[in-house]
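J.: Residue numbers (the numbering used here), protein chains in the order written: chain A, 42 to 440; chain B, 42 to 440; chain C, 42 to 440; chain D, 42 to 440.
Source of the hints: derived by calculation from the structure; they are not laboratory data. Treat the hints with care, as some may be off.
Note that the list lumps identical chains together, so a pair holds whenever it fits in one copy or between two copies.
No farther apart than 25 Å at their CA atoms in a straight line, the calculated lysine to any residue pairs in the SDA-like style are these [stated by the list, open to error]: (1) Lys181 / Lys212; (2) Lys434 / Gln247; (3) Lys361 / Phe339; (4) Lys195 / Asp408; (5) Lys361 / Arg341; (6) Lys434 / Asp414; (7) Lys90 / Glu44; (8) Lys212 / Arg394.
4 protein chains.
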Amino acid sequence: MTERVVLAYSGGLDTSVAIGWIAEQTGAEVVACAIDVGQGGEDLDTIRKRALECGAVEAVVVDAKDEFADGYCLPALATNALYMERYPLVSALSRPLIVKHLVGAARQHGASVVAHGCTGKGNDQVRFEVGVGALAPDLKVLAPVRDFAWTREKAIAYAEQHGLPIDVSKKSPFSIDQNVWGRAVETGFLEDLWNAPTEDVYDYTQDPAVAREADEVVVTFEAGRPVALDGKPVTMLEAIQQLNARAGAQGVGRLDLVEDRLVGIKSREVYEAPGAIALITAHQELENVTVERDLARFKRQVEQRWTELVYDGLWFSPLKRALDSFVDASQEQVSGDIRMTLHGGRAVVSGRRSAASLYDFNLATYDEGDVFDQSLARGFVELWGLPSKIAAKRDLGKS
Amino acid sequence: MTERVVLAYSGGLDTSVAIGWIAEQTGAEVVACAIDVGQGGEDLDTIRKRALECGAVEAVVVDAKDEFADGYCLPALATNALYMERYPLVSALSRPLIVKHLVGAARQHGASVVAHGCTGKGNDQVRFEVGVGALAPDLKVLAPVRDFAWTREKAIAYAEQHGLPIDVSKKSPFSIDQNVWGRAVETGFLEDLWNAPTEDVYDYTQDPAVAREADEVVVTFEAGRPVALDGKPVTMLEAIQQLNARAGAQGVGRLDLVEDRLVGIKSREVYEAPGAIALITAHQELENVTVERDLARFKRQVEQRWTELVYDGLWFSPLKRALDSFVDASQEQVSGDIRMTLHGGRAVVSGRRSAASLYDFNLATYDEGDVFDQSLARGFVELWGLPSKIAAKRDLGKS
Amino acid sequence: MTERVVLAYSGGLDTSVAIGWIAEQTGAEVVACAIDVGQGGEDLDTIRKRALECGAVEAVVVDAKDEFADGYCLPALATNALYMERYPLVSALSRPLIVKHLVGAARQHGASVVAHGCTGKGNDQVRFEVGVGALAPDLKVLAPVRDFAWTREKAIAYAEQHGLPIDVSKKSPFSIDQNVWGRAVETGFLEDLWNAPTEDVYDYTQDPAVAREADEVVVTFEAGRPVALDGKPVTMLEAIQQLNARAGAQGVGRLDLVEDRLVGIKSREVYEAPGAIALITAHQELENVTVERDLARFKRQVEQRWTELVYDGLWFSPLKRALDSFVDASQEQVSGDIRMTLHGGRAVVSGRRSAASLYDFNLATYDEGDVFDQSLARGFVELWGLPSKIAAKRDLGKS
Amino acid sequence: MTERVVLAYSGGLDTSVAIGWIAEQTGAEVVACAIDVGQGGEDLDTIRKRALECGAVEAVVVDAKDEFADGYCLPALATNALYMERYPLVSALSRPLIVKHLVGAARQHGASVVAHGCTGKGNDQVRFEVGVGALAPDLKVLAPVRDFAWTREKAIAYAEQHGLPIDVSKKSPFSIDQNVWGRAVETGFLEDLWNAPTEDVYDYTQDPAVAREADEVVVTFEAGRPVALDGKPVTMLEAIQQLNARAGAQGVGRLDLVEDRLVGIKSREVYEAPGAIALITAHQELENVTVERDLARFKRQVEQRWTELVYDGLWFSPLKRALDSFVDASQEQVSGDIRMTLHGGRAVVSGRRSAASLYDFNLATYDEGDVFDQSLARGFVELWGLPSKIAAKRDLGKS
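Input sequences plus hints: build the corresponding full structure.
T.: Below is the structure:
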């Protein structure tokens with residue numbers, strides 16, 4: 042029986058060429074698998090047909106947009122996941138979902154190998170391969186671009202020689218990855234750290250510097266999940282899509298940073314994630330209102346570790362699952378409304394209300410109605426500072 | 042010999058009245074002590090004279106602006122100190138400096154008591170009293186507003202009755218504290234969490250929504266310290282002041298959040314800190330370029346703990362000093378230039394260059410000149426994912 | 042209707058006297074509530090009768106030993122809870138359970154106040170009062186020993202004067218608290234840090250220096266819970282009790298340390314906890330075998346925080362509950378056998394076997410059967426060290 | 042000019058053979074470099090001569106015992122470094138020192154390559170190669186055992202064929218690494234996790250189960266460094282050596298655990314480290330007496346991270362250096378005497394005294410002399426528990 046390889050298929054030049062190339066080099070049959078995580082572009086049926094025309098024995102296409110929003114973006118929102126306090130894990134979130142479907146296709150179509158088109162200096166190879174190892178440790182992985190130095194030039198030559206149905210003339214100056222949670226842009230002139238991004242780098246967001254009317258939105262959360270915008274019920278996917286449109290129109294969510302890759306190098310990355318940034322901004326402030334202080338403080342450490350793990354390709358690791366349990370427990374009371382102004386590149390919270398609020402007007406107010414018993418403070422302050430005071434007596438040379 | 046009390050003196054109604062009141066109630070002589078940390082308002086000489094007219098036996102005034110910038114704002118910048126990831130510790134930074142001078146005045150003028158005008162439900166009482174305990178554990182503390190329920194109404198009556206030289210008619214609807222690092226506003230209609238701040242709340246910043254030309258600035262750092270703006274040398278104080286003006290003119294640095302106070306309640310706080318936010322933004326990105334990954338990751342935990350400690354009044358604690366040693370060591374290589382656009386309420390980094398950069402173009406580039414050895418990746422990825430893979434074999438019920 | 046007070050009742054002098062005293066001082070009816078957490082001593086019926094003879098209108102007695110073992114000791118075992126890496130939280134675990142029953146009794150008997158006999162410089166007052174606040178924020182708390190300076194001398198005089206059925210002649214030189222998880226001893230000559238404990242300090246453990254035969258035990262765990270000793274099924278309570286006897290007979294579990302109390306002071310504490318220490322030792326090693334590395338590393342931080350929280354009286358806090366979710370998730374695979382030698386004050390693991398083991402002989406062995414692919418190592422090592430190497434190039438002044 | 046290779050030389054079979062083999066395979070000249078870190082065995086001169094007889098062009102031998110104790114063991118003691126809370130980093134500490142001398146020899150003798158004899162599945166390859174990369178990023182590394190599958194059988198054949206002056210008949214059933222800080226044993230029947238170690242596994246320690254007289258020792262520390270034993274001044278090396286003898290004679294410091302290796306597998310390790318365990322036990326308790334609570338709590342996190350870094354081969358990393366600064370700051374007041382009983386496999390602290398003690402008898406005592414102001418407690422407890430209480434009001438559905 043002929044061996045089968047499931048190939049992560051995008052419909053583009055590299056992976057279209059890979060179908061035939063893998064078949065030639067390995068003698069295996071290639072099953073192409075394309076996953077829609079909201080990256081836009083061609084419809085799945087077009088992609089499916091192209092895969093077959095390029096020589097795939099099977100072509101699996103999956104609309105996974107809702108699954109991505111619910112199972113991957115929502116946990117990232119609950120965790121306020123911002124790698125290096127900035128980057129909302131756009132590509133890092135989609136990779137485990139894609140891996141899950143690649144493994145599913147391998148099981149369904151009897152494949153023993155999974156192939157991807159990542160290079161050897163990025164994070165995505167790690168996310169693909171560690172993910173496959175964690176879901177299907179028996180499957181082998183093929184990474185032709187990395188392990189056999191497959192280049193764009195060779196791909197073009199191969200496509201032309203074999204008459205593949207691909208337009209090889211289009212070449213972006215950038216390397217781009219996008220999904221409904223955001224868009225990542227790198228390489229090109231951005232590799233010079235002193236160069237600012239130009240407007241043509243962006244696609245999800247408008248120029249924030251252009252004068253326009255502000256947009257105001259009320260996001261309603263239930264247990265950490267956005268369930269309505271301006272009072273109209275939304276799915277997680279709809280919440281992201283609608284805020285991508287509305288926050289994107291105001292230039293919200295552009296990010297430009299030097300980033301620490303797992304493989305040990307620093308790289309320059311530009312992102313745009315209008316919906317993600319708007320949602321995280323709202324979610325953080327609702328947590329400020331509804332989450333108890335000590336829980337909030339420790340959750341920041343959990344958030345950092347969760348984010349590093351996911352960035353580093355360990356979505357399916359035991360630690361990630363245990364951290365999820367913590368985060369789930371923290372979200373029980375994160376319910377309420379956040380009013381936000383989207384304008385000039387900023388998502389600014391202007392109001393919050395919640396039946397689960399821990400803000401107690403009567404304890405907080407300095408006006409009439411104050412019920413805070415100030416006589417408690419003296420004892421608290423004295424014992425709070427006692428360890429420092431005892432140390433001071435020693436360190437100042439007194440008894 | 043008559044006992045002496047050093048009073049933290051602002052020149053305003055409450056502390057002016059407190060001079061006479063403390064003298065009457067305790068029979069002690071009052072030494073007024075006013076510290077300029079860049080809060081603006083009246084000059085120190087005017088304040089000094091008023092203190093004496095109100096009955097102080099001595100009036101100590103100190104221009105501590107440079108000391109505050111160098112000894113308190115600079116460590117906060119090195120630590121990227123943002124409480125709850127938002128608030129740059131404006132008041133929390135000035136309190137230990139004021140305590141230091143109060144204690145100094147007590148030693149100089151033979152006082153055995155330090156008095157402050159804080160209420161019993163805020164953080165500042167903790168910062169004052171824990172600070173005094175840590176610098177001078179033998180001194181007693183008097184907090185008449187808290188411990189004797191001193192109110193504004195009583196203060197006005199006392200001032201009028203004794204003909205004190207204070208204008209009692211002015212009453213801000215807000216409670217305000219400000220210094221060169223920023224400005225804090227609370228109470229009034231802001232105590233309703235659904236109310237957005239109005240423009241009259243702000244003083245350090247212009248409305249970011251008004252159309253205006255962007256401002257571009259290059260900040261030069263040496264070992265974590267800003268040493269030049271647009272190539273012109275500045276002291277730390279000048280860096281803050283000039284960026285307060287330039288970033289403030291662009292509406293940068295407005296913050297509005299629900300905050301966890303040390304005394305256990307949540308409060309609504311509005312801040313503006315244009316210079317602080319611009320400097321921290323630049324400093325964080327320069328660290329992204331110059332600080333090694335593992336150090337950067339752990340430093341985020343140190344930053345959170347340092348910030349909580351300082352917010353919680355423990356500036357002079359042994360842990361704070363040990364964390365300072367860590368932060369100092371982390372800043373050795375944080376040198377270089379950050380170019381930033383100030384506009385529309387945002388400080389956006391657009392370029393970075395540094396002789397201490399860890400970004401290596403030849404390792405990062407996907408173009409010609411790439412020296413990254415991709416053959417190393419396969420082994421790395423495999424061993425990186427091995428613990429997850431071994432766990433998966435068990436958890437998936439296979440061997 | 043007369044107000045009612047639920048009093049935490051031990052049957053001893055102080056709380057027996059408190060029944061009448063509270064009634065006299067407050068005019069309230071006193072409901073005595075005694076909880077058996079395995080402290081030994083008199084039986085519950087004797088204690089119940091004494092409470093009524095001392096004037097209680099109701100006397101509630103509860104055998105909570107199994108509830109304590111399952112709901113309080115077991116989570117502590119799952120967390121390997123050792124405060125300051127030494128003390129297994131003996132008293133800190135029983136307090137929340139007692140609070141729960143006090144609150145239950147208050148609800149059942151219509152009380153509006155809960156009273157306890159703790160002093161003002163220990164941790165237990167915090168655990169009682171914060172616990173009551175978290176379970177029944179409407180209840181008031183009365184702490185006569187602390188707030189009204191109730192002393193032992195006054196208690197003896199009151200007991201003699203009122204003819205209470207208490208033997209006032211017995212006076213331990215130590216202050217002792219004990220339950221099935223362990224025993225805490227303080228004060229007396231132990232307050233001098235240079236004094237070693239004498240044998241009379243101990244009750245749960247024999248002198249480890251005496252020569253005797255070693256005892257070997259196999260503890261079987263399922264999902265973190267001990268379910269059998271030497272193959273015989275046990276409840277959690279039985280596991281603790283049997284190991285208290287067997288490990289105690291070998292002198293295991295004596296602890297002597299200077300401890301940081303929540304109220305800001307250091308105190309000298311001596312503990313003995315033979316069953317707890319034996320179980321934690323076994324549990325830690327089973328985790329070494331069955332828990333993935335990154336999960337194990339982060340769990341140590343969770344363990345520390347959980348332990349501090351419980352020590353600091355925050356058993357019922359939101360953070361504690363969220364940490365429990367993490368710990369629960371971590372225990373899923375902690376199943377298997379640990380063989381341990383109990384001898385000479387030490388519990389030493391000598392064997393482990395588990396169907397959930399992550400130890401893979403074929404990956405670990407240096408002998409025949411080795412399947413570890415050493416060719417993967419070079420790439421791993423190179424990329425693992427790349428950030429340090431890049432930093433070194435900069436820091437050593439080379440390129 | 043002929044290329045030169047510096048080889049980490051032990052004097053044993055594998056590295057003796059490697060001298061000739063490397064010369065043959067690469068055409069390079071081999072410089073042998075042997076470092077004495079207290080591993081005992083043959084004297085350095087014998088080793089030096091053997092290296093030359095085996096074909097080395099130069100043989101560098103270094104007595105680095107004091108350097109190892111002062112520069113590597115002492116920081117580990119200050120950090121209470123116990124990997125997985127058990128293993129005192131025996132081998133992990135010596136590797137960076139050896140690397141430093143290898144690099145020094147390479148510079149001195151004009152070598153461009155460093156060679157080591159580690160396998161590809163252990164931690165030491167990482168420590169060597171990452172260390173070389175961090176000290177001399179221009180040097181290449183050769184790992185013949187790993188990269189060319191060099192085996193013991195091939196080594197014996199080569200030695201016999203070339204008449205090398207090595208006794209090839211001796212073969213320990215174990216793989217052993219030892220230095221003055223401890224001794225590590227693995228492989229053999231220990232690879233079965235259910236097997237207990239037998240007495241022949243141990244060399245630094247006597248059987249703790251044998252009856253013998255206890256030994257009592259007083260260790261004096263200054264700023265975290267042991268400076269005297271029983272009042273007699275010692276160097277760090279002497280402190281370790283003398284306690285290795287005295288604690289070893291009592292069976293102190295045997296460890297047996299399943300350990301998480303950096304390369305992703307679990308392995309069974311047996312260690313003995315009598316001096317290290319005795320010193321760490323004493324040091325921890327002196328810290329309990331002299332280090333302020335918050336500093337002690339955060340230091341535990343630093344200790345864990347420091348230990349993981351060093352275990353993972355990152356001794357020369359930027360994070361390690363910054364953590365050292367924190368630890369150094371924490372040790373300033375760690376001065377005083379600890380009295381310890383060494384007996385039956387246990388090092389038990391029985392007394393502590395220190396001029397830098399933070400234990401205040403008058404605050405801690407329950408007897409006469411008590412100066413703790415218990416009236417402060419009520420306010421402290423109430424505000425300490427306020428966040429939990431406010432959350433409880435919400436979570437219990439009340440207001």
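J.: Indicate, hint by hint, whether the structure satisfies it.
T.: So, going through the hints one by one against the coordinates:
1. Lys181 / Lys212: neither (32 Å within a copy, 39 Å between copies)
2. Lys434 / Gln247: This pair counts as neither: shortest intra-copy Cα distance 60 Å, inter-copy 41 Å.
3. Lys361 / Phe339: both (16 Å within a copy, 10 Å between copies)
4. Lys195 / Asp408: between (74 Å within a copy, 15 Å between copies)
5. Lys361 / Arg341: both (15 Å within a copy, 15 Å between copies)
6. Lys434 / Asp414: between (31 Å within a copy, 17 Å between copies)
7. Lys90 / Glu44: within (22 Å within a copy, 59 Å between copies)
8. Lys212 / Arg394: Cα proximity of lysine 212 and arginine 394: none, with 49 Å in one copy and 29 Å across.
Comparing the model with each earlier hint shows violations of hints 1, 2 and 8; every other hint is respected.
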